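Let's have the full structure, built from the sequences with the hints guiding it.
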Amino acid sequence: MHVVLKFKSNNSTLEISLELYKTIVIGRSKQSDHKIMDTLMSGKHCKIVFMPSKLEIFDLKSRNGTLLNGLRVEHAQIFVGDEIKLGDTILSIVPEKMDKAAVESLTFCGAAKDRQSHGLKLDFTGARMINQKPDNTYANERKIRKTIKELESKIKK
1 MHVVLKFKSN NSTLEISLEL YKTIVIGRSK QSDHKIMDTL MSGKHCKIVF MPSKLEIFDL
61 KSRNGTLLNG LRVEHAQIFV GDEIKLGDTI LSIVPEKMDK AAVESLTFCG AAKDRQSHGL
121 KLDFTGARMI NQKPDNTYAN ERKIRKTIKE LESKIKK
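Letter 69 of the sequence shown, counting from 1, is numbered 69 in this note's numbering, and no numbers are missing.
Take these hints with a grain of salt, some might be off.
[As the list claims (entries may be wrong)] With a straight-line cut-off of 30 Å between C-alpha atoms, the simulated DSS-like cross-links for lysine-lysine are:
hint : residue 1 : residue 2
1    : LYS156    : LYS61
2    : LYS146    : LYS30
3    : LYS61     : LYS30
4    : LYS8      : LYS47
5    : LYS61     : LYS6
6    : LYS97     : LYS35
7    : LYS6      : LYS44
8    : LYS54     : LYS44
9    : LYS30     : LYS6
10   : LYS54     : LYS100
11   : LYS85     : LYS30
12   : LYS8      : LYS30
13   : LYS30     : LYS97
14   : LYS85     : LYS61
15   : LYS6      : LYS35
16   : LYS44     : LYS97
17   : LYS146    : LYS47
18   : LYS35     : LYS146
19   : LYS146    : LYS156
20   : LYS54     : LYS85
21   : LYS35     : LYS8
22   : LYS100    : LYS6
23   : LYS6      : LYS54
24   : LYS61     : LYS149
25   : LYS61     : LYS35
26   : LYS8      : LYS85
27   : LYS22     : LYS85
28   : LYS100    : LYS85
[As the list claims (entries may be wrong)] Here are the simulated distance ranges between beta carbons:
hint : residue 1 : residue 2 : range
29   : CYS109    : ILE144    : 31 to 39 Å
30   : GLU96     : PRO52     : 16 to 24 Å
31   : THR147    : LYS6      : 36 to 44 Å
32   : GLU96     : LYS146    : 43 to 51 Å
33   : VAL94     : LEU60     : 20 to 28 Å
34   : LYS149    : GLU15     : 36 to 44 Å
35   : ILE148    : ASP33     : 24 to 32 Å
36   : GLU104    : THR147    : 42 to 50 Å
37   : PRO52     : GLN31     : 22 to 30 Å
38   : GLU15     : GLU104    : 14 to 22 Å
39   : LEU14     : LEU151    : 36 to 44 Å
40   : GLU150    : MET37     : 33 to 41 Å
Read the hints as simulated data drawn from the structure, not as lab findings. Nothing here was measured: the structure is a model prediction, and the numbers come from that model. C-beta atoms are modelled at their ideal positions from N, C-alpha and C, and glycine is treated no differently.
So this is what it looks like as C-alpha cells:
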C-alpha cells in the first residue's frame, strides 16, 4: 500500500510516493528528505507519517506554519481532498494514482462539512486559527511560545 502526494508551487509540480510505515521530512534544507525550493518554507518544515489506515502531518516548528484546509495545525490526520499549505506550496493526496485500499483508508468517513473540526489538534495558542491574516501576523510566534512555556513552568512551581 502506498500514498501519492502532490506538491504544487508557482513554477513546479512534484509527486512523491510514500510507502506504508515510512516517514518523510519536507523542507528547504538539504537535510530534508524532499527538498522544495520555496522561500516561505522552513529548512525542515514538516514531517509526514504513513501508518496503516492513516496519514499524519506534524509541523516541525516552522516559521510560517502548516495550514490544513485553512487552519494552522501542529499535528493532524490528512484525508483525501484535504489541502495543506506549506509556505507557497500546496500539498494534496492524489487518489487516482493509488490503490483502492489506500484511497478507502484515507477517505474521511463523515460529512464533508464535519471534516474541518474532526481531529484537528489545536495550535500552540490553544485556538484554531483561520488563515485570513497577513503572513506577518505570526512573526512573533516563537517569542510568544517561549513566554507561554515560561509561564507554564512558573505555574507548575
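Now the hints, each set against the structure:
For the suggested pair LYS156 and LYS61, the alpha carbons sit about 24 Å apart, so the restraint of at most 30 Å is met. A threshold of 30 Å between alpha carbons decides the hint, and for LYS146 with LYS30 the separation of about 27 Å falls inside it, so the pair holds. With a C-alpha separation of about 17 Å, the suggested pairing of LYS61 with LYS30 holds against the 30 Å cut-off. Between LYS8 and LYS47, the direct Cα distance comes to roughly 17 Å. Compliance with the 30 Å bound is thereby established for this hinted pair.
Distance restraint check for LYS61 and LYS6: the Cα-Cα separation of roughly 22 Å lies within the 30 Å cut-off, and the hinted pair is therefore satisfied. Taken as a hint, the LYS97 and LYS35 pair is honoured in the structure, with Cα atoms around 22 Å apart against an allowance of 30 Å. The straight-line distance between the Cα atoms of LYS6 and LYS44 is roughly 18 Å, inside the 30 Å bound, and the hint therefore holds. Proposed proximity of LYS54 and LYS44 is supported: the alpha carbons are some 22 Å apart, at most 30 Å.
Restraint check for LYS30 and LYS6: the C-alpha separation of about 20 Å stays at or below 30 Å, so the hint holds. With a C-alpha separation of about 14 Å, the suggested pairing of LYS54 with LYS100 holds against the 30 Å cut-off. A threshold of 30 Å between alpha carbons decides the hint, and for LYS85 with LYS30 the separation of about 20 Å falls inside it, so the pair holds. For the given pair, LYS8 sits about 19 Å from LYS30 by alpha-carbon distance, which is consistent with the 30 Å threshold.
Only pairs whose Cα atoms come within 30 Å are accepted, and LYS30 paired with LYS97 is accepted, the gap being roughly 28 Å. Of the pairs offered as hints, the one joining LYS85 and LYS61 holds, with about 15 Å between alpha carbons and a cut-off of 30 Å not exceeded. With a C-alpha separation of about 14 Å, the suggested pair LYS6 and LYS35 falls inside the 30 Å cut-off, and the hint holds. For a cut-off of 30 Å, the pair hint linking LYS44 to LYS97 stands: about 27 Å separates their Cα positions.
In summary, the hint linking LYS146 to LYS47 is supported, as the alpha carbons are separated by about 22 Å, within the 30 Å threshold. At roughly 28 Å between alpha-carbon atoms, LYS35 and LYS146 fall within 30 Å of each other, so this suggested pair holds. Among the hinted pairs, LYS146 with LYS156 is consistent with the structure: their alpha-carbon atoms are about 16 Å apart, no more than 30 Å. Restraint check: the Cα-Cα separation between LYS54 and LYS85 comes to about 19 Å, which is no more than 30 Å; the hinted pair holds.
Taking the CA atoms of LYS35 and LYS8, the gap is about 13 Å. The hint holds against a cut of 30 Å. Annotation: proposed proximity of LYS100 to LYS6 holds, straight-line Cα distance about 18 Å (limit 30 Å). With a CA separation close to 17 Å, the supplied pair LYS6 and LYS54 stays within the 30 Å bound. Distance restraint check for LYS61 and LYS149: the Cα-Cα separation of roughly 14 Å lies within the 30 Å cut-off, and the hinted pair is therefore satisfied.
Only pairs whose Cα atoms come within 30 Å are accepted, and LYS61 paired with LYS35 is accepted, the gap being roughly 17 Å. The hinted pair formed by LYS8 and LYS85 meets the criterion: a straight-line CA distance of about 10 Å does not exceed 30 Å. Taken as a hint, the LYS22 and LYS85 pair is honoured in the structure, with Cα atoms around 21 Å apart against an allowance of 30 Å. Restraint check: the Cα-Cα separation between LYS100 and LYS85 comes to about 26 Å, which is no more than 30 Å; the hinted pair holds.
Separation of CYS109 from ILE144 is about 36 Å and conforms to the stated range, judged on CB atoms against 31 to 39 Å. For GLU96 paired with PRO52, a C-beta distance near 22 Å keeps the hint of 16 to 24 Å intact. A beta carbon spacing of about 38 Å between THR147 and LYS6 agrees with the range 36 to 44 Å that was offered as a hint. Range check, GLU96 to LYS146: about 44 Å between beta-carbon atoms, so the 43 to 51 Å window is met.
Take VAL94 and LEU60: their Cβ atoms lie about 23 Å apart, and the range 20 to 28 Å holds. Taking 36 to 44 Å as the suggested C-beta distance range, the pair LYS149 and GLU15 conforms, at roughly 38 Å. The given range of 24 to 32 Å is respected by ILE148 and ASP33, whose C-beta atoms sit roughly 30 Å from each other. Between GLU104 and THR147, the C-beta spacing of about 44 Å keeps the proposed range 42 to 50 Å intact.
The hinted window of 22 to 30 Å between PRO52 and GLN31 holds, with their beta carbons roughly 28 Å apart. At about 20 Å, the CB distance of GLU15 to GLU104 agrees with the hint of 14 to 22 Å. Between LEU14 and LEU151 the CB atoms are about 41 Å apart, so this pair conforms to the stated range of 36 to 44 Å. A hinted range of 33 to 41 Å for the beta carbons of GLU150 and MET37 is consistent with their spacing of about 36 Å.
Checked against the numbered hints above, the structure violates none of them.
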